[in-house]
Every structure is written in structure tokens, then in C-alpha cells.
Amino acid sequence: MKKDILETKKGNFEITVTVNGELKELSVKNGEFLLDALRRHGWKGTKKGCDTGDCGSCTVILNGRAVLGCLVPAVAAHGGELTTIEGLGTVRDPHPLQEAFVEAGAVQCGFCIPGMILSSKALLDRAPRPTEAEIRKALDGNLCRCTGYVKQVEAVKNASARLAGGKRKRG
Amino acid sequence: MDAKNLKVVNKPVRKMDALGLACGEPAFTDDVEFKGLLHAKLLWSPHAHARIKKIDVSAALKVPGVKAVLTWKDLPRVPHTTAGQGYPEPSPYDTYTLDNKVRYVGDRVAAVAAETLEAAREAVSKIKVDYEVLPAVLEVFDAMKDGAPVIHDEPDSKNIPDAKRNIAAKFDFEVKNGEWFKEADHVFEHSWSIPYLQHCAIEPHVSIAHFDNFGRLVLRTSTQVPFHVRRIVAQALKIPVKKIRVVKPRIGGGFGSKQEVLEDIVAALALKTGRPVKLEYTRKETFISSRTRHPAVCRMKAGVKNDGTITDAEMEITLNTGAYGSHALTVMMCSGSHTIPMYRVKNNIKFVGRSVYTNMPVAGAYRGYGATQGFFAWECLMDMMADKIGMDPVEFRKLNYIKLGEGSPVFKAMGEGREGVEQVITSTGLFEAIQKGMDEIKWAEKRAKYAGQTGPVRRGVGVACMMQGSGIPEVDMASATIKMNEDGSFNLLVGAADLGTGSDTILAQIAAEVLGVKTEDMIVTSSDTDVTPFDVGAYASSTTFISGGAAKKAAEKVRDMILAVAAKILDEKKEDLRLEGGRAVSRKGASCSLSEVANTSLYYYDQHQIAATASHYAHTSPPPFQANFAEVEVDTATGKIRILDYVSCIDCGTAINPQLAEGQNDGAVVNGISHTLSEAMEFSANGTPLNASFRRYKILSAADTPPVRTFLVPTWEPNGPFGAKSVSEIGINGPLPAVANAVYAACGARLFDAPFTPEKVLAALKKTA
Amino acid sequence: MKNIKYYARPSSVKDALALLLDRKYKALALAGGTLVAKTLPDSVETYLDLKDLPLKGIKLQGGNLVIGAGATFDEIDRDRLCRGWAGGIVSAAAAKCSSQLIRNMATIGGNVARPHSFNIFPVVLLGLDARVRVQAKGGSRLLGLEELYAAAPLLRPGSNCLITEIVIPAATKKWKCEFVKLAKTDSSWESYVTLFFAAERRGKALSRARVAVGALSPRPFRAPRGGEGPAGRRGPRQGLRGRPRRRARRGLRLRGVGQPARPLRGRYLR
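Chains as they are written, first to last, in numbering that gives the first Met the number 0: chain A, 0 to 170; chain B, 0 to 768; chain C, 0 to 269.
Don't read these hints as lab results, they were simulated from the structure.
All residues carry an ideal CB built from backbone N, CA and C; glycine is no exception.
Check each hint, because a few of them may be wrong.
[As the list claims (entries may be wrong)] Facing chain B, a subset of chain A residues (Cβ under 7 angstroms, in silico):
id	residue
1	49
2	62
3	110
4	139
[Unchecked claim] Subject to a maximum C-alpha distance of 30 angstroms in a straight line, what follows is the list of computed DSSO-like cross-link-like pairs (lysine-lysine):
id	chain 1	residue 1	chain 2	residue 2
5	C	37	B	61
6	B	100	B	387
7	B	445	B	397
8	C	55	C	23
9	B	61	B	181
10	A	156	B	572
11	B	100	B	72
12	C	55	A	9
13	B	556	B	572
14	C	173	A	28
15	A	9	B	61
16	B	283	C	55
17	A	9	C	50
18	A	28	C	203
19	A	8	C	4
20	B	34	A	28
21	A	23	C	203
22	C	175	A	23
23	A	9	C	37
24	C	4	B	61
25	B	125	A	9
26	A	8	C	23
27	B	61	C	50
28	A	9	C	4
29	A	8	B	125
30	B	345	B	402
31	B	34	A	23
32	C	50	C	4
33	B	345	B	127
34	C	173	A	23
35	C	58	C	23
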């Protein structure tokens with residue numbers, strides 16, 4: 000059983016976690032949440048909007064599920080597989096969801112967008128052709144004050160059509 | 000003129016920052032690292048009204064890692080306003096960076112900077128304050144009474160019209176053409192009220208104060224008003240403007256809350272420590288200690304003749320400005336000036352406005368800016384009048400709304416904080432907007448279908464029409480600089496503050512249209528007080544109209560310079576040349592590329608940088624118009640309202656970017672619907688906020704949001720850049736009256752008090768029974 | 000959270016329980032963590048993560064519906080068995096829990112283990128006569144929800160015992176039920192009231208009418224069993240007009256902090 004236990008060293012846990020496909024050894028603070036740890040280690044795409052689990056700006060995909068980075072203790076990511084917005088695509092090589100959001104005009108201030116896109120990714124991974132109601136349900140934890148969600152729902156629909164159409168294959 | 004021949008403007012070009020943001024690029028205030036960064040934390044008042052008798056920071060200073068603790072004793076006492084408005088601000092100077100008196104639960108008491116956030120928090124908890132608790136007043140009507148606690152009893156505050164009665168701003172105005180209500184067949188009088196509402200920008204208030212290599216203070220901050228931040232921080236801390244640089248990175252939404260200058264305290268901490276300092280409000284702090292919409296009670300009284308003529312209209316609005324008078328006068332004036340002119344009033348018009356201090360959170364600018372409060376009353380009253388005289392509410396509005404070429408005495412009498420300007424309507428698509436909305440919602444069909452319903456669940460359709468402004472005439476000024484690069488691209492430097500609205504993109508479109516290039520050929524830098532020319536900032540629905548005007552003028556100057564060089568290259572007359580497709584083209588068909596022009600100017604002939612700066616301000620503020628239609632379902636047993644469809648048709652002149660314009664309106668409307676159905680800040684009996692979190696305040700999520708459909712109705716505004724007017728604010732004002740009117744149509748219940756919760760609907764239903 | 004010295008993620012219930020009972024660790028067990036992670040008491044020194052325990056499955060066992068304590072709201076929402084049980088009431092209730100992100104994280108076990116006014120599952124499970132399998136020192140026990148809560152001082156799931164599965168009795172499979180959440184908006188985390196209602200109509204009479212009410216107090220409560228009432232035109236409403244309503248009022252007084260108390264009107268309970 001000892002092997003299952005991590006112990007703090009000088010107030011830090013040393014964890015191993017796969018971030019965006021790369022195995023990383025990260026030092027996370029005792030009591031630190033994943034959101035803060037990720038930002039501290041340079042993944043600034045994960046945003047802090049409330050820090051109470053209510054806005055979804057800190058959404059990341061942990062072991063295949065979209066979760067709230069502000070509610071996951073950083074140490075619990077140990078041994079896990081994590082996707083942040085930086086891992087989805089880049090400006091040079093964006094993911095179809097990122098392109099779809101841009102094309103639909105779904106990005107206004109953009110602060111909620113990384114979380115919104117990751118929630119959409121998790122949805123499309125398990126339901127490639129969601130209905131509008133399913134999209135709205137899947138995004139109901141990602142608050143946006145700019146767009147009224149109109150163009151974001153449209154963007155997910157467009158991305159779904161594009162991805163399911165198999166024109167482009169991405170992870 | 001129309002938008003037919005435009006090549007770049009009126010096209011849905013990609014928002015230029017969208018992809019970077021969608022990829023999580025580190026673009027926001029807090030996305031960059033500063034070596035040696037200190038973390039700031041403020042101590043907030045637990046009392047609604049108290050004097051600080053003693054404040055002991057010795058224990059706080061002993062916390063390891065603490066670098067500075069500031070109280071009122073450590074800072075210059077400079078009365079100022081936090082309202083980021085043009086100078087001199089029309090808001091009272093009643094605020095001090097730190098004061099020896101606190102005026103609401105959540106007011107600043109002291110500030111700490113420490114090596115870690117934890118240390119800062121701990122230090123804050125160790126500051127010992129001895130308060131003399133004073134009687135507090137939470138309601139506006141109590142605050143104006145004789146003997147009410149005086150919230151601003153300090154002698155040094157300025158421009159408070161009646162501090163003894165807690166009046167932060169007042170304005171009265173009357174047009175009298177005869178005896179009041181003499182001609183009216185029916186007279187109506189009611190009051191409508193709006194609670195404390197918060198902006199809920201998803202990015203909280205965050206600022207980083209640091210120093211450049213030469214010791215100048217740099218404020219990297221989430222603001223809508225970089226130039227006002229520079230001026231007001233300089234004023235409050237008594238440092239020269241030249242010592243401050245304000246940089247606006249990408250902003251995570253503002254909606255007016257970031258038109259507020261709260262950066263003084265983080266700047267003070269940086270100056271004290273000589274280290275970079277970050278102040279990031281928590282969500283709770285953002286709710287309580289940033290700014291809110293002004294709660295309002297709006298009483299309206301109007302007379303109408305049986306033929307549909309509105310004879311008289313009187314609006315008396317009382318705004319709660321909270322503990323400080325930020326935007327107290329201007330929001331109050333806009334609640335009348337943006338609304339009353341909407342409909343012709345034959346005889347008498349009166350406006351009585353008061354903004355009143357209370358020991359409550361501070362109100363400020365919020366999308367809609369008073370018109371939200373005013374239109375809720377005016378448009379519901381319109382509905383009541385139409386109902387009484389048996390006229391279709393749409394027909395009644397069509398009969399009375401302000402038409403092309405018409406003016407209003409209100410335009411001249413009421414500006415923002417001062418006299419306004421005389422103006423007439425120079426473009427309107429309201430008629431078309433109404434027609435489109437009626438078609439989309441199936442107005443006639445549904446009015447007929449929903450008449451005489453029985454059963455507990457009833458449906459109805461309602462209408463509300465709106466206008467807003469486009470910038471503040473003869474106050475707002477913007478400028479733009481354009482310089483040309485070797486490859487025929489241009490740098491566009493604007494003081495305008497894109498806070499997510501897409502203004503960088505639409506300003507680039509405007510300039511690109513003039514210069515005959517693609518939007519991608521414009522490299523936009525927005526808002527750095529060291530780099531970009533002055534702009535008042537992003538507020539008052541001004542950016543497209545005012546900053547757009549500046550971008551267009553600057554581009555025209557640059558075009559002139561380009562053509563002068565091209566004329567030499569092509570050996571033609573300048574007058575015979577035009578810019579098109581990235582080239583200077585002559586009537587005879589000869590042409591040269593912009594890159595040739597640039598290289599010629601830079602390296603060969605009469606060497607010079609092709610560049611120009613232009614400024615723009617306007618003598619009028621052409622209103623956009625909007626028709627809103629809501630279809631609702633009311634469960635008369637539970638009181639729950641469900642919005643089945645919401646159609647919003649907007650005349651914003653030429654939409655510079657139709658996709659972004661739609662997005663602006665969608666967002667404004669859903670924010671308004673959220674106000675209508677669920678939002679309200681709640682307080683305990685001693686003024687402590689009870690629901691200062693997304694969880695309890697609850698803005699609508701994607702799943703909660705009803706179908707919202709925006710339709711653009713193109714018109715051409717002769718005073719706007721390429722026919723454009725504003726688009727950003729107007730949509731937020733529609734849902735309250737449109738839904739209230741639809742609920743009345745459905746079940747006969749009139750709603751006067753936002754938000755329309757089930758309890759209020761049930762209570763209103765009881766009154767109809 | 001700040002005093003955590005150890006992070007443990009055992010892969011068997013036995014190991015987890017052993018660690019929990021070992022006083023030197025001062026451990027607290029967390030599943031989804033959505034309710035607890037932010038408010039972990041300073042006395043806790045070991046964060047016991049239940050993520051790797053084999054408690055995820057949802058299955059039929061002896062005709063009963065057995066839901067592993069580690070099943071998330073989202074998994075329950077989408078599970079075929081749950082969707083087919085008692086008109087899909089368990090899935091429907093799961094879908095009504097605040098937001099997708101919370102539903103992805105929060106588990107049914109955690110929802111039962113930590114009494115909280117706005118928890119969704121206890122209301123439904125109470126209504127469905129569900130039992131909870133608790134693994135404690137000395138073995139496992141199957142307890143009704145009321146029994147579990149009554150045993151609170153002795154049995155504290157997550158502190159000295161673990162919930163491993165939820166057993167919904169076979170008899171409820173064909174029940175006709177309703178679950179109502181009245182809240183500020185559909186996706187509110189908090190609710191004014193949550194309500195489970197089930198009844199059967201036998202000729203002109205209602206039988207097995209039952210009501211469980213949540214959100215008014217940290218633990219849900221239900222109307223006493225039985226009470227055959229006439230099935231008038233109003234149907235189910237009759238069953239709600241009597242004692243449950245008074246109970247609800249009483250529940251209202253039990254409330255601590257939360258939304259300002261609102262009167263629970265009979266007419267809400269349509």
C-alpha cells in the first residue's frame with residue numbers, strides 16, 4: 000500500500016502527469032488546486048473566473064473528462080492525463096473546434112473560450128453529432144457574459160459537422 | 000448612400016484576436032509573469048457605515064513576506080471620482096484612495112502587499128481596526144429624509160449638490176406647453192424598479208503595477224479607459240501623468256464595470272514597495288467592491304388621447320448610487336435623455352432625477368447606462384396606454400415613435416452631465432425593424448391565437464422598442480494613427496479599448512476600406528498610453544461611431560499621402576488615382592503596388608514615413624433603434640415564466656462587421672434576459688451582500704438561455720463612418736419591458752419590479768383576480 | 000487543504016478503509032471533491048482519493064439496481080439501466096444537478112455521504128427506498144438512507160467508513176415517479192426545493208403515494224408511508240395537501256444558512 004501514498008516534501012508534492020501528451024514532473028504546492036498549479040507552471044490558457052466551481056473558465060480535460068481545474072486538488076492529477084487548451088491546437092495549427100469558434104464569431108472577450116472549447120471537445124468525443132439541447136447541456140457549466148451563447152452553440156454544431164464529416168482528423 | 004459597394008466594411012471578416020484567444024494564448028492581464036511580483040490584498044469594511052478610530056498594522060507588518068501595509072494615514076488625501084469619464088468628470092469628487100471613514104460593507108480599509116497571496120491574506124486578517132459604528136441608511140427614500148445619516152459629511156469632497164440629504168446628483172427639466180394632462184383622455188402613473196445588478200465579466204478586476212527600466216510606473220490593467228486610468232491615478236496619488244504608462248492587454252469583458260478607475264491602490268502599493276504588485280479581485284470582491292448597475296425606482300406619469308396621441312409625460316427617477324457617486328449624474332440623465340425622445344409627446348414633458356447616496360455597494364456604468372432603467376418604465380407604460388385605448392401595441396408605437404428628421408427638446412436639454420446638443424434623427428430603420436420582428440414572431444397570428452386562453456399555462460407576445468446613443472456628442476473624442484510599412488501593410492494605433500467587443504477588427508476594417516487593402520493588412524495596436532493616441536475609451540456606445548470616425552479620417556490622410564507618392568511613380572495626377580486591391584490605380588489603368596509606394600517614400604524619393612494621426616468628435620449622437628419581441632409562457636400556478644422566443648431587430652446603420660454586430664446584440668439581449676428572470680443582488684438588514692457569487696447570484700447558462708434571434712436592419716447614418724451607428728448597449732434594455740408586456744398579454748399580470756421571479760408573478764396574478 | 004501531508008489513492012476498498020481507520024493518517028476520503036475539496040478541515044492530514052476504487056459500475060443484481068458509489072452524475076445520467084428504471088427518474092435527477100462540469104466530477108457516493116441541502120440524489124434515493132452499502136470496521140452493512148443519517152455520530156462516511164454502493168430495490172423498477180427541482184434557473188446549483196413524488200393509481204385510489212423533499216434542510220425528509228387517498232380529478236395533488244406540506248414547513252425551520260427561506264406553497268407542487 001505504501002506505493003500508493005505520496006508524501007509532501009517541504010510543503011510540495013512531486014507529481015507525474017501527462018500534460019498535452021508530454022510526461023511532466025511537476026512540483027505542486029500543498030493545498031494547491033490544479034488551476035493554480037497549471038497557471039504557475041505556465042499553462043495560462045486555463046483561466047480563473049471565480050475559483051468556486053461556478054464559471055467553468057478553468058475547464059481542463061482530465062482522464063477524458065472535462066473537469067473544473069479550481070476544484071481538483073493539484074496532487075490528484077498525479078498519474079493522470081491532462082489536456083489544456085494549449086494541447087488542443089495552436090495558432091499555427093488550430094483544432095477544428097478552435098477554428099469553428101473563430102469562424103462563427105463565437106469569441107468575443109475570449110476569457111471563457113478555452114473552457115468552452117474543452118467542454119465542447121469532451122462532448123464531441125463521446126457524442127459526435129449532438130443535438131442543440133445536448134450542446135447547451137454540455138456547456139451549461141461554462142458561463143459567458145458576452146455572446147449569449149448563440150454563436151458558441153452554432154460553432155459546436157459546425158465543428159461537429161466538420162469533425163464527423165471526417166474531412167480533418169485530429170486528436 | 001448604402002453599403003453595396005463596400006469591399007471590407009459590412010463583411011463578416013474574422014475577428015483578428017479570436018484565434019489566439021481560442022488557443023489560450025497568454026493575452027490577458029494576468030497571463031504574463033513578473034519577476035519578484037508581490038500580491039496585494041485589501042481589507043474590506045465589515046460595517047455599512049463607520050469611522051475608523053484607530054488602525055493598528057503592527058501585527059500585519061510582522062507576518063513573514065509582508066512588504067507594505069497602507070492605511071489612510073499613508074496616502075495623500077485627494078478627493079476624486081473613480082468614474083472613468085472625460086475631464087472634468089461630471090461625477091462628484093467624493094472618493095479617497097483610502098479614507099478614515101467607511102461607507103458600505105466592502106469599502107476599502109487598508110491594503111497589503113506581500114510575497115505570497117497567503118501572506119497578504121494573513122496580514123489583512125491581522126490588521127486591528129477600532130471602528131466607531133455609525134447609523135447606516137440603505138434605502139434611497141430613507142436617505143433623503145431629514146435626520147438621515149449623512150454619508151459624505153467630510154468637508155473636502157466636491158460637486159455634491161446636497162450632501163446633507165445624501166443627494167449625489169440631481170437634474171430637473173420641464174417643457175411646458177400648457178396645462179398638464181389637460182388634453183389627456185387617460186392618465187397613467189406607476190413606478191418600476193430595478194435591483195442591484197452586477198456586470199459579471201468573467202475575468203475579474205485585475206491589475207499589475209510594475210516599473211519599466213527607467214523607473215516609470217506601468218499599469219497593466221483590465222480597463223475600458225486606459226487614458227482615464229492614467230489621468231485619475233496621477234490625480235489621486237499626486238504623481239505626474241508623464242510618470243505613468245497604462246497598458247491595456249486583452250480584456251475579459253467589462254460591460255461598464257471596467258470604466259471604473261480602481262487602479263490607484265495597486266499603484267500606491269507598487270510605489271511604496273518599488274516592486275511589481277498584482278491586485279486581483281476575487282469573484283466575491285468583484286461583486287461587492289467593484290461596481291454595479293444603479294438600482295432605480297422610476298415613476299412615470301403620462302397622458303394619452305383616445306386617438307393615440309401622447310399628450311404629456313413625466314419621469315421621476317431615483318437612483319441608488321451607493322456609497323460613492325460614480326456616474327451618479329450621467330446615468331441618471333441618460334435614463335431620461337435616451338428614452339423620453341423615443342416617442343413624441345405633444346404638450347408637456349418633465350424629468351426629475353435624483354441619485355442618492357446610501358451605505359450600499361457603489362453603482363457605476365453598466366451597459367444600457369440608465370436607459371435600462373428608463374425604458375423598463377416607458378415601454379411598459381406605452382403598453383398600458385395602448386391597452387387602455389384599445390390599440391394594438393405595435394400600432395400605438397408606430398404612431399408615436401420619433402421619425403426621420405424629427406428632433407426632441409430633450410436632446411438639447413439633457414446631455415451627459417450637462418446640456419446636450421440639438422439634433423434630429425438622420426437615419427432610422429425602426430419601421431423595418433418592427434415589420435421584420437412582427438413577421439419573425441408571427442405577431443398578428445399569435446395575438447389572435449393567444450386571445451381568450453384558459454387553463455393554467457398561458458402564452459403571450461409582447462413588444463418593446465428602444466433607442467440609445469452613439470457616443471457623447473461634443474464630449475467624446477478619439478484618435479487614430481496609421482503608418483505604412485514596406486510591404487504595403489499598415490500599423491493602426493488606436494486609443495480605443497477593445498474589451499472583447501471586436502473594436503480592433505472593425506476599426507481595421509474601416510481603415511482598410513479607405514486604403515483599399517484587406518483587413519489582414521492592418522496591424523492593430525490598441526491601447527497603450529505610451530504608444531497609441533488618445534481616446535476616451537470604450538463606453539457610451541462610442542467606439543464604432545467616434546473611434547471609427549478617427550480611424551477613417553486617419554486613413555484618408557494616409558491615402559492622400561500614398562496617392563501623392565503614387566502620382567510621382569506613375570507620372571499621373573493625384574486626382575486621377577484611387578486605391579484598390581492593394582494598389583494605387585489610375586483612371587487610365589496604370590497602377591503600382593502599395594509596397595512600391597512605401598519603398599519609394601522610405602528610400603528613394605522625398606524620403607518620409609507615410610503616416611498620419613487624426614482625431615474625431617461628433618456634434619450629434621445618432622441613435623440606433625431596435626424592435627424587440629418576446630413570446631412567453633406563464634405557468635399561472637407556479638408563477639414561472641418561460642421565454643419561448645425572443646426576436647430582436649436592430650438598426651445600427653451599416654454594420655461594419657455584421658457577425659460581430661449580431662454577437663454584440665445577442666450578448667446584450669441575453670444579459671437583459673438574465674436581468675429579467677433571475678438576477679438581483681440580495682442584502683441582509685445591515686447591508687451585507689448575501690449572494691456575492693456566481694452560484695447564488697446566478698447568471699444564465701447556455702442551458703438556461705431561451706432562443707434569441709438577432710436581425711440587423713441596415714440603414715445609412717450620414718454622420719457615421721460608412722453609415723454606421725452604435726450597436727453594443729441598446730439590446731440589454733429590451734427584455735425587461737418586452738417580457739413584462741408579453742406576460743401581461745399572456746395572463747393579465749403587470750410586472751413592475753425586476754427580476755420577474757415566480758413569487759412576483761404570483762403576487763401580480765393575485766391582483767388581477 | 001493546507002495541512003495535507005499525504006496523498007493516497009488506494010485501489011481497493013480494504014486498503015482505503017485501513018488507511019481511513021489508521022489514526023496516524025488523519026485521513027478524509029474524497030470522491031469527486033466538488034463539495035469538500037475547497038473546504039477541507041485543517042485537521043485533515045491525508046487526502047484519501049477514492050478515484051481508483053473499483054466502485055464505478057452500474058448493474059442489476061438480484062433484480063435490484065446497484066449503482067457503484069464512484070459513479071458520477073454524468074455516468075448515471077447517461078446509463079442505460081438507470082434510464083430504464085422507474086421511468087428514468089434516477090438519470091433525470093442526475094441531469095438536474097447544477098452543471099455538466101460538476102456532473103462530470105461529483106459522484107453518487109459523495110452526494111449521499113455529505114449531507115448538504117442542495118444535494119440531488121438523497122431525495123430521490125429516499126423516495127425509492129434505496130439502501131446504501133457501508134463498509135466499516137467489522138464488515139459491510141446495508142442501511143436505509145434514514146438509518147444512515149440517524150447513525151451519523153457513529154458512522155461518518157468518508158471519515159470512518161466508506162459507501163461502496165447504492166441499492167435501489169427491484170420493487171421500484173416500474174414505479175411512476177416525478178422529480179422536480181425548483182431553483183432560480185434550471186442550471187442553478189442551489190435550489191429552493193427538490194421534490195420526489197411517486198404514486199400508483201388503483202382504481203379510484205392512489206396507493207404508495209410518497210413524497211420526499213430536499214433543499215429545505217441538509218438532509219431530505221419524506222412523508223410517512225401509507226395513507227391511501229382518493230384519486231380525485233387532481234390526482235397526485237391530493238397526496239401533497241396534507242401532512243407532507245406541514246412537514247415541509249417544519250423542514251423550513253430546520254434550515255440553516257442558504258437561500259432566504261421561501262414559503263413552500265401547495266401550488267408549487269403541481
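Here is how each hint holds up against the structure:
no. : hint          : verdict
1   : 49            : holds (4 angstroms)
2   : 62            : violated (20 angstroms)
3   : 110           : holds (3 angstroms)
4   : 139           : holds (4 angstroms)
5   : C:37 - B:61   : holds (28 angstroms)
6   : B:100 - B:387 : violated (52 angstroms)
7   : B:445 - B:397 : holds (19 angstroms)
8   : C:55 - C:23   : holds (29 angstroms)
9   : B:61 - B:181  : violated (74 angstroms)
10  : A:156 - B:572 : violated (53 angstroms)
11  : B:100 - B:72  : holds (12 angstroms)
12  : C:55 - A:9    : violated (35 angstroms)
13  : B:556 - B:572 : holds (17 angstroms)
14  : C:173 - A:28  : violated (50 angstroms)
15  : A:9 - B:61    : holds (23 angstroms)
16  : B:283 - C:55  : violated (36 angstroms)
17  : A:9 - C:50    : holds (26 angstroms)
18  : A:28 - C:203  : violated (65 angstroms)
19  : A:8 - C:4     : holds (8 angstroms)
20  : B:34 - A:28   : holds (19 angstroms)
21  : A:23 - C:203  : violated (67 angstroms)
22  : C:175 - A:23  : violated (51 angstroms)
23  : A:9 - C:37    : holds (22 angstroms)
24  : C:4 - B:61    : holds (27 angstroms)
25  : B:125 - A:9   : holds (26 angstroms)
26  : A:8 - C:23    : holds (18 angstroms)
27  : B:61 - C:50   : violated (42 angstroms)
28  : A:9 - C:4     : holds (10 angstroms)
29  : A:8 - B:125   : holds (29 angstroms)
30  : B:345 - B:402 : holds (14 angstroms)
31  : B:34 - A:23   : holds (23 angstroms)
32  : C:50 - C:4    : holds (19 angstroms)
33  : B:345 - B:127 : violated (62 angstroms)
34  : C:173 - A:23  : violated (51 angstroms)
35  : C:58 - C:23   : violated (36 angstroms)
In the structure shown, a violation is registered for the earlier hints numbered 2, 6, 9, 10, 12, 14, 16, 18, 21, 22, 27, 33, 34 and 35, in ascending order.
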